[in-house]
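Asks: Mind docking these for me? Both chains are given alone in their own frames, and the hints should help you get the complex.
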Amino acid sequence: MELIILPLILGIIAFFLPTNWVRPFGLLASLSVLAVSFVHLMNFDPENYVLISNPAEIFPLGLTFKMGYDGLALTMVLLTNAVISIILLANWNRDISSNGRFTGLTLLMQCALLGLFTSLDGILFYTFWELTLIPIFLILYWFGKQDNNRALFKFFLYTLLGSLMMLLSFIGLAYFSPSFSYFQLVQANFDGKAVEAALIMGGILFAFAVKIPLFPFHTWQAPTYTNAPMAGTMLLSALMLKMALYGMIKWMIPIGFEGLVYLKWPVITLGGIGIVYGAIIAMKQKDLKTLFAYASISHLGLIAAGIMLFTVSAIEASMVQIINHSIVAIALFLCAGIIEQRLQTRNIEDLGGIAKVAPHFGFWFAVMTFISVSVPFTAGFIGEFVLIKELFTAHWVIGLTAATTLVFGAVYMLRAYQGSMFGPSKVTVFADLTWNEYAVFGILTVAAVGFGLYPQVIIDFIKPSIKFTQELMAGDLTFTK
Amino acid sequence: MDALIIIFITGLIGLFVGMLKKSELTLAVISIGLIGGFISMLFINDYESIFSSYAGLTFSRTQQMFGLLAIALTLLAVWMGYVFYKEETEHTSDYYGLILFSLTGALCLIGFSNMFMFFLGLEILSIPIYVLVGIQKGNSLASEASVKYFFTGSFATAIMLFGIALIYGSTGSFDINEIRMAIDMGMSHSPMLNIGVLMMMAAFLFKVGAVPFHFWGPDVYQGASNAVMAYMASVVKLAALYAFVHLFNYTFSGLTPFVSGLVLFAIIVSLFLGYLSALKQTSFRRMMAYSSIANTGFALFAVLNPQFGEVSLWIFMIGYACSTIALITINMIVENETDEIVNWKGIGYANPLIGITLVISLLSMSGIPPFTGFFGKYLLLSSAFSNYLPFVILAIIASLIGAYLYIRLMVLSLAREGEGKKFKITALQAIVLILSLGGTVGGWLVLMIK
Chain A
1 MELIILPLIL GIIAFFLPTN WVRPFGLLAS LSVLAVSFVH LMNFDPENYV LISNPAEIFP
61 LGLTFKMGYD GLALTMVLLT NAVISIILLA NWNRDISSNG RFTGLTLLMQ CALLGLFTSL
121 DGILFYTFWE LTLIPIFLIL YWFGKQDNNR ALFKFFLYTL LGSLMMLLSF IGLAYFSPSF
181 SYFQLVQANF DGKAVEAALI MGGILFAFAV KIPLFPFHTW QAPTYTNAPM AGTMLLSALM
241 LKMALYGMIK WMIPIGFEGL VYLKWPVITL GGIGIVYGAI IAMKQKDLKT LFAYASISHL
301 GLIAAGIMLF TVSAIEASMV QIINHSIVAI ALFLCAGIIE QRLQTRNIED LGGIAKVAPH
361 FGFWFAVMTF ISVSVPFTAG FIGEFVLIKE LFTAHWVIGL TAATTLVFGA VYMLRAYQGS
421 MFGPSKVTVF ADLTWNEYAV FGILTVAAVG FGLYPQVIID FIKPSIKFTQ ELMAGDLTFT
481 K
Chain B
1 MDALIIIFIT GLIGLFVGML KKSELTLAVI SIGLIGGFIS MLFINDYESI FSSYAGLTFS
61 RTQQMFGLLA IALTLLAVWM GYVFYKEETE HTSDYYGLIL FSLTGALCLI GFSNMFMFFL
121 GLEILSIPIY VLVGIQKGNS LASEASVKYF FTGSFATAIM LFGIALIYGS TGSFDINEIR
181 MAIDMGMSHS PMLNIGVLMM MAAFLFKVGA VPFHFWGPDV YQGASNAVMA YMASVVKLAA
241 LYAFVHLFNY TFSGLTPFVS GLVLFAIIVS LFLGYLSALK QTSFRRMMAY SSIANTGFAL
301 FAVLNPQFGE VSLWIFMIGY ACSTIALITI NMIVENETDE IVNWKGIGYA NPLIGITLVI
361 SLLSMSGIPP FTGFFGKYLL LSSAFSNYLP FVILAIIASL IGAYLYIRLM VLSLAREGEG
421 KKFKITALQA IVLILSLGGT VGGWLVLMIK
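Quick mapping for you: the protein sequence lines, in order, are chains A and B.
Per the numbering used here, the first sequence starts with residue 1, numbered consecutively.
Per the numbering used here, the second sequence starts with residue 1, numbered consecutively.
In isolation and in its complexed conformation, chain B is listed as follows (with noise of 0.2 Å):
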């Protein structure tokens, strides 16, 4: 709890600093609560708070190695975002404020105990992001993004709201551990519950952007600044993932064989739509976007897998993230007027810290060892290997399909003729790029500590 509160009053600090129009001071403050806030939720079942606890609101375990990552990833995003936001001084404090505002809601999200709870969470962590995407008010493209996002947005929560209230309505709770035992003990199994649970299925497909409820996902990518792509692929991922496999994991645990097939179609749909088109993009953002897709889809073996689900989707996006910022970082960097991926030519060779940084995240998000997405997918599908074997090999399948699209990337960028610019990368780009390479090549290691 204490976590939340620290970040959510630095937001609100952050939105008065911010008018101050010194961007080091604001991005000192904020880095100073995030720090805080990751400290806090380190310890947060080691002392007493001095907010007694709400039953809404619990972090286990995992819940809290969840919320850490969440927390260091914004921290990360954050400072991607510096140099935009230096920038546009008009829109400084806005940013860093909303920013801070979505991951109380994304922490919300992470440690609910409640359908009222992970609601609140839902639309905390979703709204900041629509004024997000669509800060830029002079661009047409980010306008038409956030319109589009949050008209799709909207309906998907008015769906996962009606689901709430049809679960609410069979189970007779709002609790997630008494829903469970009323599923659990049989009472009540009628079309009502499984129309309910049905409903927040498609909600939650909608959040992370899986297929069939994709579309928003690449016009959203490409009307968003870069850091607030970083964040979305990350932190807004990141949380409505472990949402959907806490939810269906645990409390829905007694209909994982109604589950199971509509999971399993949107693994494979996911994956193979997500990287076919991938493979056809000029633009970066929109192969992000797509690839972004595919691997939503990888995640989602997460949901079938009740024993290590969550253990299993956190190595996972900690390798997918890590690259994913390191990835956008460099877009950032080198993006002009377009964004398209020739852009990219030769840079790698150019600048050594963009071609390690580059090489390895693309590395990591095919599935090479010893990177930590090469642990992610490998905990995914070795644990769905016994029961789902036909959709594992096809999984593989995709997964080559996408070291075609990641290698042919790495390819591009390391060329050695053409002319490959020098770049300038500043000091928090590089401390950016440097941990997320960091992280992509060492998060794995956090297995072996437990």
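Next comes chain A alone, as it looks inside the complex (with noise of 0.2 Å):
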């Protein structure tokens, strides 16, 4: 339970601070969050379902209050804290850094995602669902670009209608399940009515899928990007979307599997059309951030078109490759974020010959490129490998079609890298990084090809929790907890 009060405590406090106290205060906040995440680490044992509150009643409306972690959902846990401090760092040598509302609602967020990861129970997975909503709404509000209302209406307007076709879901899971504990919605009796698990899994796919967000229902995405400040990007695609498709693995699929037949394919389809579109549309762009946000797009519906799968391999790969995912997403939009700090602009054609003035962030930016590209003894070479083998293996089709992620990501990352790094000299001045820069890419860094050299530590930690879901989902196992 300290686990989701301290930051909301810390982020309290952080709101009241003076100004100059914030900066420290904040990535000592992060910090000892991650030092409590790491002392349930140490305790925890895969095989085993750790409950963190597990109160014996059914409350009315089926409540049930039950939270706690297995080796899926303390991946992610793990994942949001070392991202929150990164995030929190990386702003260190920019003025957002020692605004107390900024700290603050980062470590508010930070609470309500680590809710949402341990909650076992609908309606609180609902709740901090749209809790994490307001946090990012506020940041992107008070430092994003001035005039940004209506991409911000969009963005929040758009995610409350997904938010709410899942509500209109569980409403109606209440009438298969006596409560809305986890263990009783996987083992949710639909008896043979696939129509209506597949109705009840779609309206919870469509909040997923604006989140993630696969390909019609991305439109927010681009705008909302561009208008955000630094931290607030990060916080969205390194940890917003990253929501989406633990709830894809943990919730949706497990809950609805008698209507996956139904969904499978067009979701598999929409991915393959998003692995393509976003590569395609990212190739053309001319603004670094809106070039990254598609970037992201052709990622994403990789990983989610893997997730329908639901075989045991293509989690693991989606678990390794959402964890690569957050690493180059920070890393490229700390990059974007670095030159548009220095020269005021993102715009391609503006820059040039960059790595002549800066030669430490030439280096690092490119290291970043490759990790993004995915060469081999990077976490994401594993994790797209086995997915597109796994795709292949389901349909040669789109086996193919995602397998053209790996041509197209080289071509526009390497693109955006040449015509920013080297070219022509337009630029003449340039600061070079400063320390807390070196320490993210440097931690980024040993992050990728660490899980790149040895992924076997991440999927030894989430496999029994696979094996768990799918007994769960079978009713082999009288879990009553």
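All clues given are correct.
Pair ranges (Cβ atoms, derived):
| hint | chain 1 | residue 1 | chain 2 | residue 2 | range |
| --- | --- | --- | --- | --- | --- |
| 1 | A | F15 | B | R408 | 20 to 26 Å |
| 2 | A | Y454 | B | K422 | 53 to 59 Å |
| 3 | A | L406 | B | Q307 | 55 to 61 Å |
| 4 | B | E340 | A | N43 | 56 to 62 Å |
| 5 | A | Y454 | B | Q307 | 53 to 59 Å |
| 6 | A | L28 | B | Q307 | 51 to 57 Å |
| 7 | B | F43 | A | A56 | 27 to 33 Å |
| 8 | A | A56 | B | Q307 | 22 to 28 Å |
Just so you know, the hints here were simulated from the structure itself, not pulled from any lab data.
Note that the structure is predicted; figures quoted are calculated from it, not measured.
We treat Cβ as the ideally placed atom computed from N, Cα and C, and that holds for glycine.
Replies: Okay, here's the thing in structure tokens:
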């Protein structure tokens, strides 16, 4: 429980701190939450389900207030805490991080995310899902570009519409399950009513598809990213999108498994379209941030398609890829942020020759580019490779479509790198990296290469959870804790 | 019964104490009276009253809860109005006295088990409100509102009375249990009964301010003082909705198939017309009026839910009333000569207490968990889910429009740039804000106790 309450309290404190204390306080706070989650990790056995809140009775409305984690959820918890610390570190040399409201909102966001990943109750899950929206909305509004209300409303209403569809699904689920406990929802008995199951799953999917975003639901993403401050973009792409992917693995498919037959191929097709569409649009972009936003659509389409297969290795690869994408997202948006901070522009056409004046930045940007195009020995290589293999096994057409991501990814990333770093020297003054940026790049590289060399550490961690979920779905397990 | 008597006598005392022109003293007397009423309502079934129980007025557990809520909301409204009426020394005593008399009526309307008591409650509730709306005699808007409300309200009352007469004619009783029995036994399914019920429904829709009887709402809200507006939006609506739901779920439950179509029509039209018109308003009060029309639409889902309708309504109303009182209090702090929404620009960023209250109230009204507004809407919609699915989906679409409305206001008041004036908040206003914030955040926890 302290895992969720700690960032809440720290976040509220951050609002009232004097300006010069906020910066170290934010970083220390996020590190302390990370330390707490490491304590949880030390005492964790992947074969077990840890329940951190487990009231015996069922409250009115079917609420159970169950919270806890398995390997899958704990991975996401650790990812969240690590990413929040890294984001605060990356913003160290910017004005935004000395603003108590920003630090407070980030910590509140962390609280909501941790609650989401550890909730084992439908209504709690929905509550935390909505709660994450409020801090990010305020961060985008207060610290984003001014006069961005239109993009902001689009983002808010679009995601709210998705959430409401999910709520409808949960209301419908109440007719099939005695309570909103995760374990009972997974075992909800549809009596072979596959259409009902598919409808319920569809409602939940709508919420997730907007957040991921899947191909036709992505229109909010690019304007929101471009208007957002660097920290906001990082929070959105490194954490908010992961909520939806995690929700697909943990909630959507296990609950509506009877209806998966109806939705499997439509979603995989959309994912496939997203892979190609995002990549092609990304190739044409001039704004670095927009480019990375579309690249993100392309990467996430692959993960979403892989998750819909719901085989053990596809899910493992998706988890590796989820972690990798968080690393890549922070790295690339930090690069874009650095360029924007020094030059007040992100347009590739105005850039060029930065590598000459700032060789260290040139080097690290190159490393990050390689991580994002998934060269061997990075985590992305493992993830993408296994996902493409799994998709190929399912059908060769989708396998081929997905495989284009390797080529296209290299095209748009190298083009972006080349256009901004080399070429005619349009940029003559460029301050090189500061210590915190070195630190962030270093940590990210170590993580990406580490998981690339030894992805087994993630796989061992989540394999028992997948097995457990499958047993729970098959009803082999009379799990009534 | 004791709670009613305590509140009524406090109202009388308040009238005379108010003449001394010592506003603190009056406030203290009224507050003590209301808290006394609250306590006596809390234990109303636990002790033998010295007043022998009167059959026309019973307080079951649910009715007790509604009564408690009504008294608590009145207390908030009274505290809120203190600053305003301290300066209007001419009307201090009228204000406190009338609001307490009106509350007595509201409690009759909540506890009735007899049509006679029902009508009495309705009148005692309404007549002080007609006066309160027009109490600022110099203000032409207030006079207009008062006259308009009085005339239309009287017509509605007359129609209500006619309906009661017709129902009496066809069932032969004023007692709601006997009417229910007569309807259930099928002895009296006559056109006369149907017309009577229809007339009562029309009058009810007028009292709660639902489409198509909503035209008085915006004008009256604009003319009334802030405290009276808050009282109307919370207590009057609460009592009228409770009576509506209780009568139609319990007494006329045999007629649900006949009534449900009309209620659904009123719900959907109220929701869309309310929210869409609210989007176009530039005046805060008119916006609140339209938003209250839309929220009434939501609350009317309780009429279609015989099982949990009353509990759902209670939860919904605590969320709605607390957020509304918070918003109106903020309006009272912010308002200068005009009540344009533009005045709100940046106030949330500059004043932390206002900012937090405003954000949470608006989020609760847009139906974002874990605030009470969400659980109210959830309860109302989930019980209608199986029978009226298309209407639930329409309601959800409407609530999306509503969310846009509230989030727009939130964004405006949280703007960073702009002057964002600092406002002075008196202690009492701060208490009202914090208490209503508590209701908005934690009101739904009552569900867990029961």
